[in-house]
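A.B. asks: In case you want the letters, here they are:
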Amino acid sequence: MNIYMLKKEIKYLLKNPIFYLGIIIVICTLVLTLKPYLNLYENVREENSKIVYGDEGIISGYIPTEINEQRKQVFNRIYESLIEDFDVSEEEATDALNKIKKMHTQEEIAEYLHENYGISERGVDNVFESYMEKHATKKEMQEYLRETFSKSTFPESFSFKYIDYLGISLIYLSIITFVLIFMRDMKKDIFSLLHTKPISGVSYIMTKLLAGLIPICVFALIMTGIFDGIANMVAPKYGSEMELVSIWVKLALFILPNIFMIGVFFIFITVIFKSILPTIPMLLVYATYSNMGKITESGYKYIPNPLSIVVRFPNDLGNNYIPTWTIINQSILIILAICLLGISIKLWKRRRII
Amino acid sequence: MIEIRNLTVQYKNGVKGLDNVNLTISNGIYGLLGENGAGKSTLMNVLTTLLTPTRGTVIVNSVNVIPQNYTKVKKMIGYLPQELGMYPNLTVRETLEYVAALSGVNPIKKKEKIEYLLERTSLKEHEKKKNKQLSGGMKRRVGLAQALITDPQLLIVDEPTTGLDPEERIRIRNLLVDFGRDRSVLFSSHVVEDLASTCNDLCILKKGKKIYDGTIQHLICEADNHVFSCMLSSEEEFLRVQERYKITGKNYSNEGIDIRLVSRSVPDVAGIEFQYVKPTLEDAYIYKSSSEKFEEI
Amino acid sequence: MKCNFKISLPLYKLLYSMVFMFVMALIRPTVTPIEILTVIEPNLCFLAIVFVADIYYCEFRENRINVFYLFPDRLKYKAVVQRFLIDFVYLVLLDLIFYWIYILFQNSNLFTKEIISIYGYSILMCFMTVLFFASLSVTMVNFFQNMWFGLVISLAVWFVFNTKVKEYLPTVLNIFAYKITPEINGGITPYFFNRALYMVVGIVMLIMNYLLVKRSPMRKVKEGKK
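First to last, the protein sequences are chains Y, D and B. Take the first sequence: its position 331, counting from 1, is numbered 331 in the working numbering, and each next residue is one higher. Take the second sequence: its position 159, counting from 1, is numbered 513 in the working numbering, and each next residue is one higher. Take the third sequence: its position 107, counting from 1, is numbered 758 in the working numbering, and each next residue is one higher.
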């Protein structure tokens, strides 16, 4: 690795206004997406106003409905639906209702209604989902948050959402950064000239990679410090304890390896096509793949994909966790990135002319 | 015929690319010589309408080169820049056809013209090769052919022989001489030998100012009796001479170090004998461009 | 025309565009044909921005601009428009072909009335939106005479329409807007008015390029920056 070249590259990058445009994009994305989590009392319902059910999420002031309340609302809805939509008499509907009230699980209820009235299981699931959350009052929200953050603190819960959105927005910054790092060198004459200089492929590629990774990582560290501080300042408002470490652990696990892979992938595509233009759509494809969920029996769900460059935590605040396999995935990602790096270095050495 | 009067180009940072230059270029090949940053490219950019001058007038074949007339002027000009990347995936013939179409050449005359240019530039047997397969010299000939496709009244060539082998250089030079018979050719080059072989008239620019405008013969005559040679026995002697005089040639031989230098008067270095020699164009250029800074000036 | 084909559709562009569309079809599963509209259209627009950016800028990049500038303005503009149209037609062709790749991955019955009508929608929609984004990309690059500036701005516009920011826009200004129509097409219908509006903006930008190709490439030198 060439320290002098590294310093020059970073200096050049920091002088370029487009790099700061990327920074602004990331900051704006983080602020827009995370701000609602820092003021969860903003969208709560007025006391004594009508209760509305839905699945808008905690940032819209919705909390999970208590199971008994949910069942009560679901049974009422089923009762109405049997009479209005399925032409069942009131007596028969009441009878059905009494039977399903004795059932404990959603699956039993769905099976019974499907067998006796032809109601699809998906339909029953939809009814249960529509009453899964309710618009809470401030008091209800406070109680819910106190309970949630007794199990895991607000900073820890918040860190999942932070890492989620940081991962997505850093893809944009990474594309911008690596484009700026490589665009001068991919001109025909410069590309050939570089191959006549006494710089090894390893040294050149590693220097370029680090010149892109270092500013992004420093920026990520600064943003993490700021949001960690903010989360800990807000924590007492939600009745939660402060906690400083978990966000950094997640940064190290889910952001740093992913940025490394993005950088290596960028270099790999650049060297293959001998141009930086194709890297932009290719990275979009990779990001889309990483962000894709799967269609399951219960509908569309985010299920992390192998070797994805972004790890999402789509569940609501307090309901996210780190699946064991993601740690394995991140390790494999690093190994694959190192292999791709080796291939890129070999390719760069062989392809001396554009 | 090109007339340039009081031409000045001043950049925003205050630097003058050209400073009150007056020139008249008639038919034939007109050489343009000068050190790096002298203003040669600036002059060419003004003539090709890429730059608008700060002051002064330029008239090309009775057409004043002002923004309102740029379209007319562009039709009269053929330009071969120093660096010209041709379309890599097009063949030679396709390149010329494409340039002809873009230049608005009459479609009926286009084929005939392309055939003529391919013959004259000896590219006929390479017409089906892609540009990326051509050597440097062939690419330069394609560049020259595209500059001539519209039969321009003024041909501007910027260092057309740089980096070419001697055979290619001679070929390009001869082409320029042929094409310069009935039009004006402005030939900018650092290779003095090329200018000497092709041009009758020459202009020397230095830091945006014109320091010479006239025939090559006259320039050489001005340097007559100001060019000397001598044989030195050691490097120390050479260094003593170099401190005081402008060396234009140095050659190691069995007898010692054979040097050539320019000086306003007979050089006076203890223990060394100098002889007058006939100046070349290069000597004359060095003499002219350095005349303010000569030792004993 | 033949030369413009070779200039604007080099092999590497064909390769990466097809890889992009194919991999997108592979990784982005759709359950119903109508979903294909919401997937193909924005991705094709993204590809268009990158694909079309350098149709004029290649003259700068490959050191031909000083000579290209000398050609008559009308003919320069004609060349740029021809190159644009070649790339644009190719992109619409990608939509024509890759729609069926999505259908094949769905294992749907190929010739239902619904699939054919959605196919028609897809072509029409992509025609309008790709025209806008391609035109935006070319115009921005030509305006700044800098490919990366132009690309960044065009991609930023694309991101506005594909992220949460679009929720702050009125519907009429959202180029990718759909309305919920459960009885038609399986659930959603695109707003053609929006797309038509942006298409017109795209055509206007394309016309404006006449002024942009007229400009001297030495603009930066005139301002004292060498």
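Hints should not be assumed to be uniformly reliable.
Partial list, derived from the structure: chain B residues whose beta carbon lies under 10 Å from chain D [stated by the list, open to error]: (1) LYS657; (2) PRO661; (3) LEU662; (4) ASN714; (5) VAL718; (6) LYS815; (7) ALA828; (8) PHE844.
The list that follows gives simulated cross-link-like pairs (lysine to any residue, SDA-like), each with its CA atoms no further than 20 Å apart [claimed, not checked]: (9) Y:LYS274 to B:LEU755; (10) D:LYS366 to B:ARG866; (11) Y:LYS15 to Y:ILE214; (12) B:LYS815 to Y:LEU210; (13) B:LYS657 to D:ASN423; (14) B:LYS815 to Y:TYR37; (15) B:LYS865 to D:LEU488; (16) Y:LYS294 to B:LEU755; (17) D:LYS464 to D:LEU488.
Distance windows between CB atoms, simulated [what the hints assert, rightly or not]: (18) Y:ASP87 to B:VAL670: 16 to 26 Å; (19) D:ASN460 to B:ASN813: 17 to 27 Å; (20) Y:LEU193 to D:GLU590: 37 to 47 Å; (21) D:GLY610 to B:PRO868: 50 to 60 Å; (22) Y:HIS104 to B:VAL682: 30 to 40 Å; (23) B:LEU726 to Y:LEU193: 29 to 39 Å; (24) D:HIS544 to B:ASN797: 26 to 36 Å.
If you're looking for bench data, these hints aren't it; they were derived computationally from the structure. Even for Gly, the Cβ is constructed at its ideal location relative to N, Cα and C.
A.B. asks: Checking each numbered hint in turn, tell me which of them this model violates, lowest number first.
C.D. replies: Failing hints, ascending: 6, 7, 8, 9, 12, 13, 15, 17, 18 and 19.
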